[in-house]
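Asks: Hey, can you work out the whole structure from these sequences and the hints?
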Amino acid sequence: MRYCKDFIVVENETITSTLFILKLQYPETLPEIKAGQFVEILVEGNKDVFLRRPISIHDVDIERNQISLLVQIVGKGTDQLSNIKIGDTLNLIFPLGNGFTIVGKRVLLVGGGCGAAPLLYLARVLKQRQIKSDILIGCKDVNHLFSKKEYESLSNLHIATEDGSCGLKGLVTSHKIMEEDFDAIYCCGPTPMMKAISKHAKQKNIPCYVSLEHKMACGFGVCLCCVVETNIGNKRTCVTGPIFLSSDLKDF
Amino acid sequence: MRYCKDFIVVENETITSTLFILKLQYPETLPEIKAGQFVEILVEGNKDVFLRRPISIHDVDIERNQISLLVQIVGKGTDQLSNIKIGDTLNLIFPLGNGFTIVGKRVLLVGGGCGAAPLLYLARVLKQRQIKSDILIGCKDVNHLFSKKEYESLSNLHIATEDGSCGLKGLVTSHKIMEEDFDAIYCCGPTPMMKAISKHAKQKNIPCYVSLEHKMACGFGVCLCCVVETNIGNKRTCVTGPIFLSSDLKDF
Amino acid sequence: MNNIDKRLEVTIKDMVLRNPVMTASGTFGYGYDYEDFMNLESLGGIVVKATTGANREGNAYPRMAETSSGMLNAVGLQNKGVDYFCNTLYNKIKDINTNMIVNVSGSSIEEYVEVAEKINELKNIPGIELNISCPNVKQGGMAFGTDPKMAAEVVKAVRRAYNKTLIVKLSPNVTSIVEIAKAVEGEGADSLSLINTLFGMAVDAEKRQPLLSTVTGGLSGPAVKPVALRCVWQVAKQTKLPLIGIGGIMNATDAIEFILVGATAIEVGTANFINPAISQEIVYGISEYLDRHNIKNISDIRGII
Amino acid sequence: MNNIDKRLEVTIKDMVLRNPVMTASGTFGYGYDYEDFMNLESLGGIVVKATTGANREGNAYPRMAETSSGMLNAVGLQNKGVDYFCNTLYNKIKDINTNMIVNVSGSSIEEYVEVAEKINELKNIPGIELNISCPNVKQGGMAFGTDPKMAAEVVKAVRRAYNKTLIVKLSPNVTSIVEIAKAVEGEGADSLSLINTLFGMAVDAEKRQPLLSTVTGGLSGPAVKPVALRCVWQVAKQTKLPLIGIGGIMNATDAIEFILVGATAIEVGTANFINPAISQEIVYGISEYLDRHNIKNISDIRGII
Ligand SMILES: Cc1cc2nc3c(=O)[nH]c(=O)nc-3n(C[C@H](O)[C@H](O)[C@H](O)COP(=O)(O)OP(=O)(O)OC[C@H]3O[C@@H](n4cnc5c(N)ncnc54)[C@H](O)[C@@H]3O)c2cc1C
Ligand SMILES: Cc1cc2nc3c(=O)[nH]c(=O)nc-3n(C[C@H](O)[C@H](O)[C@H](O)COP(=O)(O)OP(=O)(O)OC[C@H]3O[C@@H](n4cnc5c(N)ncnc54)[C@H](O)[C@@H]3O)c2cc1C
Ligand SMILES: Cc1cc2nc3c(=O)[nH]c(=O)nc-3n(C[C@H](O)[C@H](O)[C@H](O)COP(=O)(O)O)c2cc1C
Ligand SMILES: Cc1cc2nc3c(=O)[nH]c(=O)nc-3n(C[C@H](O)[C@H](O)[C@H](O)COP(=O)(O)O)c2cc1C
Ligand code: FES
Ligand code: FES
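Chains as they are written, first to last, in my numbering: chain A, 1 to 252; chain B, 253 to 504; chain C, 505 to 809; chain D, 810 to 1114.
Please keep in mind that the hints were generated in silico from the structure rather than gathered at the bench. Here the structure is a predicted model, which means the values were calculated and not measured. The beta-carbon is built from N, C-alpha and C at its ideal position, and this holds for glycine as well. Hints may be right or wrong, so weigh each one.
[To be verified] Reference excerpt, derived from the structure (chain C facing chain D, CB under 8 Å, subset only):
1. Y534
2. Y536
3. E539
4. G574
5. T650
6. V678
7. G704
8. V707
9. Q713
10. L723
11. P726
12. V731
13. L733
14. T757
15. V765
[Unchecked claim] With a straight-line Cα cutoff of 35 Å, these simulated DSBU-like cross-link-like pairs (lysine-lysine) come out:
16. A/K85 x B/K275
17. B/K447 x B/K286
18. D/K958 x B/K502
19. A/K250 x A/K76
20. D/K1046 x A/K250
21. A/K127 x A/K176
22. D/K958 x B/K286
23. A/K5 x C/K510
24. A/K215 x D/K1046
25. B/K487 x D/K1046
26. A/K235 x C/K741
27. D/K991 x B/K451
28. B/K502 x D/K1016
29. B/K299 x A/K34
30. A/K5 x C/K668
31. D/K991 x D/K958
32. B/K257 x B/K451
33. D/K1046 x A/K76
34. B/K328 x C/K741
35. D/K1046 x A/K47
36. A/K47 x D/K1105
37. A/K215 x C/K584
38. C/K584 x C/K668
39. B/K357 x B/K400
40. C/K800 x B/K299
Replies: Have a look at this one:
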């Protein structure tokens, strides 16, 4: 079941000048939400924004009926969204997409930049299911690190920064945690990073789940705009994905 | 000289649920503004508003470099405008149009509803020039009466309300002030009212100036969308007007 | 569905629509995708995604670009083909209690005829919408829809093969839409739906490349409404067929505008992406409009402009 | 005008434009109307309002309707005729130090020729833009612009009478704009400008009447940009003439998009109403774009899509 409903903004936290976290209150009881699912936001107040904007669910507070979204400002819609005030309403279609398949006993989560958004809620779900997880976050510098405390409380956090201001200096792929044994990898971030991690997983012969951010018009399966080439033909990223087993994707 | 500049909103006063007055601060010295001139407002934040909106200059405070606008909410643009906050900026093209021709020694100003907007500044200018004026305002009821004190300080105020809640109960045309002798009438309001007053002026054989609210795309003479039929052909309301001598208009 | 507003009922040939509000092909999946958001039976009809003879993978990604008050798409008729439709999809939609229309596409007259013949056998499909106007495939549609002779030929052939309600969907990308409309009327079309998307393109100035894999695509959304209204108005004045107005309808007011210029019914397209319950809301909005203006029947305002 | 960015200079036949930014006919008056807002000499060129043989009063009011991301106009070529232009207006504009182009309109080949001949005599008018694409007058323009044979005929006749730069302005309201473009190219046009407005209409649902006195009118603004880009791209691929891109240009990025798909210059239209200084700002914006992308000359990105 998907819903099209208004949420109320209860927090708009600035992380960096281009990164912010929205906490949204649902007036009813939240339906079940899987880690890796996303919402489609109706962005109002900007003449040049016509379609909704897809944003992953960063975290879910099932007791408070709140969800949070981690958003990077890349254009007019996300910029408009960053100005939203506490108390404003935001209309969402949710929850959308397949969400992560939960497998194994010990798994690795790898996130790059704001692409890491869905991993926090994934870490939470994994902990609930008593699956051990390590999480490796790659980002520009220590200022771009978000939700650190939350990650630490749910998982073993490892960090790689471009400038070495926190954790390893360098790319996630060169972090030593990569060499340990896992039953699966969950990776969200820039495509080159996801490809590198998926190659690594292939070598290790373990499944690698990636999250695709294809351009979407509807987000719920009806427009066929968001397709990705898989080994069994074009699939809609918004319903068959956004989480794919990287070995199913033609391009990976 | 016309300008395209940002003003700062210093007041947004609600008169009725559909009527409000904006007071706008100009950051520089205001240029000369004639009574009857208007501005073209860039209305931001609404997806369905594409063109600027023409609004008459209600009053000018030359010492403070402020202008005020009286706006009636009739659709999406004026509705959006009504939500503007103190401190917001508003981009205006101004001053536009010809403004009233000032004639005579004793004149009558007749205003209907929010159409009366330009008459306050006209009364102010007349007083400065030591021209005696009477002003007759017609409106729905006492709640729709605005800027009463200001009118009273500048002119002899007469009122006609539809429900009799203030002044004469009835239309402005039946007010006894109409029977007195004036050198000219200045009339702003709904078209049927302007036509009636202009007919009256014709009988009295005095000039009647009316303000036309034709639909405008540019407001400064270049698009030719706002034409009105005059005795000497189509004229642009935004530059030849919006103030016309009613006897020059085909339809009057 | 107890509160049916009888004033809204309209007829297109043999098809009775409980109200003029339909949904446009390619924007409403196979109907059931919207069940979470609304009551499908509140609609006058649903036009499902284009169906072709064989399976089609459609165009490469990216297939979508946002534009001012609109979007471009280059989906390219992706679908699993008519046999899959008849054997699998039909069973999933046949009990939806509204007019389920199939949008029929093809690259040749033979393909159109093949699809139409097979759909003709499906009891619960009261009509087809012949898509001769898709700008998104090379050999598919728009060529038929922009040449009166070819349009006439394909309609003639399909008419012979199909005996239920035959709607023909017109392209706005023509010098004279009236000419095409008349050609199609002459060959026995029961109704015309218009417009399909405008032929357009979008560019990423920073990356210096087109935003669609196919460079060009089909423009839809409120940006095209003025063109759509003009097309319906022109065709309404010069043909006798019942028309279905499409293009940029975002709310009940837009729908009323199409009815005023001569549409018997309307289809809601891109708006479904922005508000998935909008088509149902439009039904209510039309009722409200009739109340407010004291109109006894929707047909009283049809084509009065 | 000391800081001229030499990278922006472009040439259209014999006309040197200091940058590709021109303003579109009907949206910029006679140029001087914008003097309060900007430096006219910062522009590559200015196309003044349509000029016809005799005085025209244009269409009745209302002539304008706002639409989603655009507007419809039905001005209908209101102007005081070519003689008034030559005797009065010309003197007011002849010293504006940029390319002052006259938009030439008519209802017959004779009228087009008459106007062109008279403008040919004016020293400081380096070119005309032949408007064969106005949707707003019955006998005016669009009929010439939608039929390749008629388009060729009028261009042929005007070409004989006019020996400076001849730009022909094309209508998007055709099945194949390439066909018209080629017909016009074949008769000696020096350049093509495209697009003129899309043929559309708007309705007031509450009053149940059209919003324009003429019912239909011409659609402009960002809503039409996808169609305009597609037209320029198509024509650039299939003709050799320098093109002037028009349609929904609101900022420098939009202008760059037109250049990327093959335009040598661009014209800013409706945007002038919303920001009367926008054309000058676009010039600066293009310079910035070249800086940011390290581009030596605007021609390096022309038509690379
Ligand atoms: C399933 C999914 C989950 C996502 N999760 C997040 C998230 O958690 N946090 C986050 O910050 N971003 C997320 N994104 C990306 C986000 O949707 C885009 O950044 C956003 O739509 C851009 O909108 P804009 O108006 O700011 O940018 P625009 O002004 O429209 O464009 C700016 C840039 O963003 C790209 N872009 C525009 N629209 C989309 C779109 N619909 N999908 C992808 N890219 C687009 C454009 O190509 C352009 O390069 C997700 C995308 C998808 C598909
Ligand atoms: C010279 C001039 C001075 C004006 N002065 C004032 C004033 O002082 N105070 C005031 O409240 N209003 C004034 N108006 C009218 C005001 O411009 C319109 O009410 C406003 O533009 C409507 O915008 P909207 O978006 O709210 O309405 P929309 O949603 O666009 O339309 C709602 C209604 O308003 C009408 N309308 C829309 N645009 C215009 C337009 N450009 N001109 C006239 N009518 C329009 C429409 O026909 C429709 O009936 C003036 C108009 C002109 C031409
Ligand atoms: C993503 C998308 C896919 C479409 N697919 C089809 C299709 O398969 N067949 C068809 O006839 N029209 C198709 N169309 C066109 C629509 O049915 C409709 O004619 C058009 O979008 C204009 O209406 P709108 O502005 O309300 O969207 C599609 C439109 C969109 C946006
Ligand atoms: C109010 C108005 C008047 C116009 N008059 C003319 C005209 O006289 N001659 C002409 O060739 N084009 C005319 N046009 C069309 C514009 O020059 C331009 O081709 C069109 O508006 C598309 O560009 P835009 O979207 O930037 O406005 C007019 C457009 C508008 C909006
Ligand atoms: S975004 Fe519409 S099908 Fe995926
Ligand atoms: S509004 Fe453009 S000329 Fe008057």
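Asks: Now look at each hint and say whether the structure bears it out.
Replies: So, going through the hints one by one against the coordinates:
Below 8 Å, beta-carbon pairs count as interface contacts, and C/Y534 has none with chain D, the closest being about 28 Å; its hint is therefore violated. Restraint check, C/Y536 versus chain D: the minimum CB separation of about 30 Å is more than 8 Å; hint violated. The criterion of a C-beta within 8 Å of any C-beta in chain D is not met by C/E539, whose closest approach is roughly 29 Å, and the hint is violated. This hint holds: C/G574 has a C-beta 7 Å from the nearest C-beta of chain D, less than the 8 Å allowed.
With a cut of 8 Å, the hint placing C/T650 at the interface with chain D holds, because the nearest CB-to-CB distance is about 5 Å. Among the interface hints, the one on C/V678 holds; its C-beta lies about 5 Å from the nearest C-beta in chain D, closer than the 8 Å criterion. This hint holds: C/G704 has a C-beta 3 Å from the nearest C-beta of chain D, less than the 8 Å allowed. Among the interface hints, the one on C/V707 holds; its C-beta lies about 4 Å from the nearest C-beta in chain D, closer than the 8 Å criterion.
Because the smallest distance between the Cβ of C/Q713 and any Cβ of chain D comes to about 6 Å, under 8 Å, the interface hint for this residue holds. Because the closest C-beta pair between C/L723 and chain D is about 5 Å apart, less than 8 Å, the hint holds. Of the supplied interface hints, the one on C/P726 holds, with its beta-carbon coming within about 4 Å of a beta-carbon of chain D, less than 8 Å. Below 8 Å, beta-carbon pairs count as interface contacts, and C/V731 has one with chain D at about 5 Å; its hint therefore holds.
Because the closest C-beta pair between C/L733 and chain D is about 5 Å apart, less than 8 Å, the hint holds. The restraint placing C/T757 at the interface with chain D holds, with a minimum CB-CB distance near 5 Å, inside the 8 Å limit. Residue-level restraint check for C/V765 holds (minimum Cβ-Cβ distance to chain D is 6 Å; threshold 8 Å). Between A/K85 and B/K275 the alpha-carbon distance is near 25 Å, which keeps this suggested pair within the 35 Å criterion.
Of the pairs offered as hints, the one joining B/K447 and B/K286 holds, with about 24 Å between alpha carbons and a cut-off of 35 Å not exceeded. For the hint pairing D/K958 with B/K502, the CA-to-CA distance comes to about 43 Å; that exceeds 35 Å, so the pair is violated. With a CA separation close to 31 Å, the supplied pair A/K250 and A/K76 stays within the 35 Å bound. About 33 Å separates the Cα atoms of D/K1046 and A/K250, which keeps this hinted pair within 35 Å; it holds.
A distance of roughly 23 Å separates the Cα atoms of A/K127 and A/K176; the hinted pair therefore holds under the 35 Å criterion. At most 35 Å may separate the alpha-carbon atoms for a hinted pair to count; D/K958 and B/K286 exceed this at roughly 54 Å. The suggested pairing of A/K5 with C/K510 holds, with an alpha-carbon distance near 30 Å, which does not exceed 35 Å. Taking the CA atoms of A/K215 and D/K1046, the gap is about 28 Å. The hint holds against a cut of 35 Å.
Straight-line distance between C-alpha atoms of B/K487 and D/K1046 comes to about 44 Å, which puts the hinted pair past the 35 Å bound. Proximity of A/K235 to C/K741 is assessed by CA-CA distance (about 44 Å); at most 35 Å being required, the pair is judged violated. Between D/K991 and B/K451 the alpha-carbon distance is near 59 Å, which puts this suggested pair outside the 35 Å criterion. A C-alpha spacing of about 24 Å is found between B/K502 and D/K1016, which places the hinted pair at or below 35 Å, so the restraint holds.
Of the pairs offered as hints, the one joining B/K299 and A/K34 holds, with about 34 Å between alpha carbons and a cut-off of 35 Å not exceeded. As the CA atoms of A/K5 and C/K668 are separated by approximately 40 Å, the hinted pair breaks the 35 Å bound. For the proposed pair D/K991 and D/K958, the alpha carbon gap of about 11 Å is at most 35 Å, so the pair holds. The hinted pair formed by B/K257 and B/K451 fails the criterion: a straight-line CA distance of about 40 Å is larger than 35 Å.
Between the alpha carbons of D/K1046 and A/K76 the distance comes to roughly 32 Å, so the proposed pair stays at or under 35 Å and holds. Simply put, B/K328 and C/K741 have alpha-carbon atoms about 32 Å apart, close enough for the 35 Å limit, and the pair holds. With a C-alpha separation of about 32 Å, the suggested pairing of D/K1046 with A/K47 holds against the 35 Å cut-off. Restraint check for A/K47 and D/K1105: satisfied, since their Cα atoms lie roughly 34 Å apart, inside the 35 Å limit.
Of the supplied pair hints, the one linking A/K215 and C/K584 holds, its CA atoms being roughly 22 Å apart against a limit of 35 Å. Of the pairs offered as hints, the one joining C/K584 and C/K668 holds, with about 23 Å between alpha carbons and a cut-off of 35 Å not exceeded. In summary, the hint linking B/K357 to B/K400 is supported, as the alpha carbons are separated by about 23 Å, within the 35 Å threshold. As the CA atoms of C/K800 and B/K299 are separated by approximately 34 Å, the hinted pair is consistent with the 35 Å bound.
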